[in-house]
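2 protein chains.
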Amino acid sequence: MEIYHGYTGFVAFKLKEANAEPGDVIRVENPNGESFTGVLMPKQLLYSDKPVIVLKLSNGYNIGVKIDPNTRVLLVSKKRELPRTIGSQPLPKKPFVSILATGGTIASKVDYVTGAVTPLIDPHELLEWAPELGDVGFLNVREVMKKFSEDITPSDWEKLSLEVYREITSGAEGVVVAHGTDMMSYSAAALAFSIIGKPVPIVFVGSQRSSDRPSSDSFFNLYSAVLTAFKASFAESVIVMHGDSSDSYAVVLRGVKARKMHTSRRDAFQPVNDKPIAIVYPYSREIRIVGRVFEKRDPGREASLRNKFDDKVAIVKAYPGLQEEIINFLVDKKFSGIVIEGSGLGHVPNSLIDSLKRAVENEIPVVITSQCLFGRVNLNVYSTGRRLLEAGVIPASDMLPETAYVKLSWILGSVTKNLSEVRELMLTNIAGEINERHTLELFPRWSHE
Amino acid sequence: MEIYHGYTGFVAFKLKEANAEPGDVIRVENPNGESFTGVLMPKQLLYSDKPVIVLKLSNGYNIGVKIDPNTRVLLVSKKRELPRTIGSQPLPKKPFVSILATGGTIASKVDYVTGAVTPLIDPHELLEWAPELGDVGFLNVREVMKKFSEDITPSDWEKLSLEVYREITSGAEGVVVAHGTDMMSYSAAALAFSIIGKPVPIVFVGSQRSSDRPSSDSFFNLYSAVLTAFKASFAESVIVMHGDSSDSYAVVLRGVKARKMHTSRRDAFQPVNDKPIAIVYPYSREIRIVGRVFEKRDPGREASLRNKFDDKVAIVKAYPGLQEEIINFLVDKKFSGIVIEGSGLGHVPNSLIDSLKRAVENEIPVVITSQCLFGRVNLNVYSTGRRLLEAGVIPASDMLPETAYVKLSWILGSVTKNLSEVRELMLTNIAGEINERHTLELFPRWSHE
Chain A
22 MEIYHGYTGF VAFKLKEANA EPGDVIRVEN PNGESFTGVL MPKQLLYSDK PVIVLKLSNG
82 YNIGVKIDPN TRVLLVSKKR ELPRTIGSQP LPKKPFVSIL ATGGTIASKV DYVTGAVTPL
142 IDPHELLEWA PELGDVGFLN VREVMKKFSE DITPSDWEKL SLEVYREITS GAEGVVVAHG
202 TDMMSYSAAA LAFSIIGKPV PIVFVGSQRS SDRPSSDSFF NLYSAVLTAF KASFAESVIV
262 MHGDSSDSYA VVLRGVKARK MHTSRRDAFQ PVNDKPIAIV YPYSREIRIV GRVFEKRDPG
322 REASLRNKFD DKVAIVKAYP GLQEEIINFL VDKKFSGIVI EGSGLGHVPN SLIDSLKRAV
382 ENEIPVVITS QCLFGRVNLN VYSTGRRLLE AGVIPASDML PETAYVKLSW ILGSVTKNLS
442 EVRELMLTNI AGEINERHTL ELFPRWSHE
Chain B
22 MEIYHGYTGF VAFKLKEANA EPGDVIRVEN PNGESFTGVL MPKQLLYSDK PVIVLKLSNG
82 YNIGVKIDPN TRVLLVSKKR ELPRTIGSQP LPKKPFVSIL ATGGTIASKV DYVTGAVTPL
142 IDPHELLEWA PELGDVGFLN VREVMKKFSE DITPSDWEKL SLEVYREITS GAEGVVVAHG
202 TDMMSYSAAA LAFSIIGKPV PIVFVGSQRS SDRPSSDSFF NLYSAVLTAF KASFAESVIV
262 MHGDSSDSYA VVLRGVKARK MHTSRRDAFQ PVNDKPIAIV YPYSREIRIV GRVFEKRDPG
322 REASLRNKFD DKVAIVKAYP GLQEEIINFL VDKKFSGIVI EGSGLGHVPN SLIDSLKRAV
382 ENEIPVVITS QCLFGRVNLN VYSTGRRLLE AGVIPASDML PETAYVKLSW ILGSVTKNLS
442 EVRELMLTNI AGEINERHTL ELFPRWSHE
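Just so you know, the protein sequences line up as chains A and B, in that order. The number in this note's numbering is simply the position in the first sequence, starting from 1, with 21 added. The number in this note's numbering is simply the position in the second sequence, starting from 1, with 21 added.
Hints may be right or wrong, so weigh each one.
For chains that are exact copies, the list does not tell them apart, and a pair is met inside one copy or across any two.
What the hints assert, rightly or not - In silico SDA-like links for lysine to any residue, alpha-carbon gap of 20 Å or less: (1) Lys333 to Ser372; (2) Lys333 to Asn349; (3) Lys355 to Gly44; (4) Lys168 to Gln344; (5) Lys180 to Ile217; (6) Lys168 to Ser372; (7) Lys354 to Gln344; (8) Lys333 to Glu345; (9) Lys296 to Glu316; (10) Lys71 to Ile347; (11) Lys168 to Arg407; (12) Lys333 to Arg379; (13) Lys180 to Ser325; (14) Lys168 to Arg408.
Worth flagging that the hints you see were computed from the coordinates, not collected in a lab. Just so it is clear, the structure is predicted and the values come from calculations on it, not from any experiment.
Go ahead and model the full structure; you've got the sequences and the hints to work with.
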């Protein structure tokens with residue numbers, strides 16, 4: 022069976038006859054009078070038994086158009102050349118945004134052999150299907166690593182921080198980091214801490230559907246991210262992703278307060294104990310501030326880089342029967358820090374308090390967060406909490422467990438290993454990771470409400 | 022300073038003068054014409070500098086009434102005697118519901134010395150302030166343990182299962198378990214599995230504010246739980262708690278699909294990947310079914326007890342840089358099972374797959390859930406997932422990590438340690454823990470929506 026960019030049979034024949042290649046604008050005219058014009062996308066073999074052509078429409082949305090033997094396929098225009106530089110070329114004088122590709126779905130495509138999604142080979146393919154991006158401004162695209170985000174490690178954060186820092190000091194209006202969504206909030210939190218005094222925004226963006234799939238959110242998200250990098254009035258490490266399940270707007274979430282809350286929805290990223298900083302309407306190129314701004318854009322600000330992360334920090338979730346030997350193991354193995362996902366207000370089984378006390382006595386900081394995610398740790402209400410405080414743990418206020426993990430790893434790697442200094446920094450609001458003021462609407466509304 | 026049930030100064034004097042004790046109905050008449058009638062509650066010393074009397078109003082809500090030296094305090098009626106039996110007394114012939122107290126905030130009060138909340142000494146105090154409960158039907162109250170829920174272990178689930186089973190086989194219309202909220206969803210999941218073929222509902226109930234505090238939710242929740250135990254048409258292990266931040270209704274959540282999602286809100290318990298089974302309107306004594314019912318009430322059904330839980334199961338959260346040595350430690354220490362909170366669709370760092378494979382080769386089941394919480398694990402989409410499947414892990418569909426932990430512990434303790442049988446049971450919907458059908462509204466709506 023011959024395969025033409027994922028297409029087979031008479032569909033492949035019609036595309037070849039029209040001299041249409043992925044990236045070209047084509048028109049598909051069905052015998053029933055339907056007509057669709059859009060950019061031809063390659064197709065997954067998974068769907069190859071269906072006679073369908075995948076088109077990206079001008080609103081950025083991918084659709085699958087059913088084809089029959091009488092359908093006409095016409096070439097409208099060949100692929101646009103993109104206005105962009107490559108990393109090794111001299112940087113332009115005019116305002117530019119840098120896009121750093123790291124891998125992940127937004128930079129991935131379907132493996133036509135296995136049907137699985139794998140990282141992209143050429144980072145420029147990121148823009149291949151979206152020449153409109155160039156209309157926003159000058160783009161500088163580079164690949165800095167090629168990893169699914171589940172494989173990103175604290176040492177990758179060091180590298181990524183350095184690369185972003187370079188773009189910032191080269192004068193970028195903002196830096197977009199194309200990143201896998203799985204661990205994106207951890208990386209966005211890492212950059213929130215590792216680059217101090219950001220003059221411009223660092224914008225993480227990902228995709229829940231690979232860019233060659235119908236219903237991909239790659240273009241919508243990337244366009245919103247580039248807009249944010251160019252135009253936003255704040256200078257924080259943020260995540261820009263779909264805000265609802267349709268294509269009406271994207272949300273800008275503070276990396277330290279954001280979480281992937283759904284395995285597959287396009288609006289999976291949501292704020293916890295925070296509002297979005299802003300809403301982005303990509304079609305009208307509007308960015309509306311709706312939440313708190315922790316740091317404003319200030320191109321004159323001198324950024325500094327502190328990008329070491331300690332890779333011997335562990336997250337331990339408290340569950341009924343959590344075995345004391347797990348804590349003891351971490352202490353024996355000289356782990357650098359422990360983040361506990363406590364229950365409720367931040368509790369752990371009382372049977373564990375002695376082992377946590379031993380950790381503290383060994384100068385290992387123990388940070389307490391809550392597996393509830395929403396709300397704030399408070400160890401003063403119940404006797405268990407008071408015993409924990411006496412043992413010397415550090416309550417992490419309303420920080421996400423993931424953010425507390427990244428922050429502790431950063432403090433230990435880049436700032437200090439002194440226990441009382443670690444405590445003081447954990448309790449200091451460095452990048453907006455603590456929200457002192459909660460309001461009722463920060464808790465989402467549920468299916469019965 | 023003399024302390025009278027937490028009250029001091031002229032307030033204590035007025036209460037003593039009126040011969041009013043906690044549990045009595047009193048009327049407070051302020052010089053400005055305000056008048057409040059309600060049950061006198063004891064008061065926390067934390068608030069003792071304010072001249073306030075705490076009253077439980079007839080709607081079950083506690084308020085603090087400001088008192089001045091000219092306020093009149095009148096005794097309306099002495100404490101009602103409760104229509105209830107004690108565990109050791111012979112069981113009644115008429116329909117009854119059993120309330121088993123385990124500890125936790127709903128059965129706790131403020132320690133007047135430290136100001137912290139500690140477990141209650143006498144379980145009957147549960148009903149002390151709520152004689153109205155007796156109006157619903159005959160209540161059989163027993164204390165089966167006295168623990169904050171963070172200290173509940175898998176072996177406590179064995180004991181609790183046995184006690185609940187005894188009540189069921191004694192003919193209870195339903196069993197209410199008063200439980201701390203921190204780990205309540207784990208216990209509710211445990212009972213969902215350990216008592217097979219429930220004829221009547223098992224209703225877990227807790228409180229986010231201790232019953233002697235203003236704004237306590239103890240009474241509202243307990244009343245809703247007792248109603249549910251008596252009247253509900255389903256026979257599952259459920260959680261009944263406040264449904265919104267006001268006092269309008271309670272939600273009935275399937276224990277295996279519920280989660281404490283906020284550290285302090287009264288509506289902290291919410292369904293994940295599920296709707297509430299029902300809404301309870303306590304004032305009109307109405308129970309409205311709004312979700313799926315997995316098992317209907319059938320008083321003739323013969324329940325069986327399988328209440329052993331394996332206490333060597335661990336939950337491990339995947340985070341960037343998750344150290345392989347942690348997995349290796351669990352395998353070396355011959356843990357019985359491992360539940361992974363993977364990222365996104367259920368991924369872990371590829372660097373860990375070999376150690377997970379080794380676990381499986383050592384007949385240790387490795388179950389994959391998602392730290393996203395919402396959505397479903399799918400290991401067929403990305404290459405990482407496919408590699409995990411090849412390593413022999415068990416994907417847990419849309420189960421919560423907490424539920425997967427309890428279920429695996431129960432299967433290993435009560436049913437089988439054979440790896441392929443464990444796999445089959447984990448993939449079987451035993452107690453409604455898998456929801457095959459997701460709809461859009463199962464994902465909550467967020468602050469920007």
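Results for each hint:
| no. | hint | in the structure |
| --- | --- | --- |
| 1 | Lys333 to Ser372 | between (24 Å within a copy, 16 Å between copies) |
| 2 | Lys333 to Asn349 | both (15 Å within a copy, 15 Å between copies) |
| 3 | Lys355 to Gly44 | neither (53 Å within a copy, 54 Å between copies) |
| 4 | Lys168 to Gln344 | between (34 Å within a copy, 18 Å between copies) |
| 5 | Lys180 to Ile217 | within (16 Å within a copy, 54 Å between copies) |
| 6 | Lys168 to Ser372 | between (40 Å within a copy, 12 Å between copies) |
| 7 | Lys354 to Gln344 | both (16 Å within a copy, 11 Å between copies) |
| 8 | Lys333 to Glu345 | both (19 Å within a copy, 11 Å between copies) |
| 9 | Lys296 to Glu316 | within (15 Å within a copy, 39 Å between copies) |
| 10 | Lys71 to Ile347 | neither (52 Å within a copy, 46 Å between copies) |
| 11 | Lys168 to Arg407 | between (43 Å within a copy, 16 Å between copies) |
| 12 | Lys333 to Arg379 | within (17 Å within a copy, 22 Å between copies) |
| 13 | Lys180 to Ser325 | within (15 Å within a copy, 58 Å between copies) |
| 14 | Lys168 to Arg408 | between (43 Å within a copy, 15 Å between copies) |
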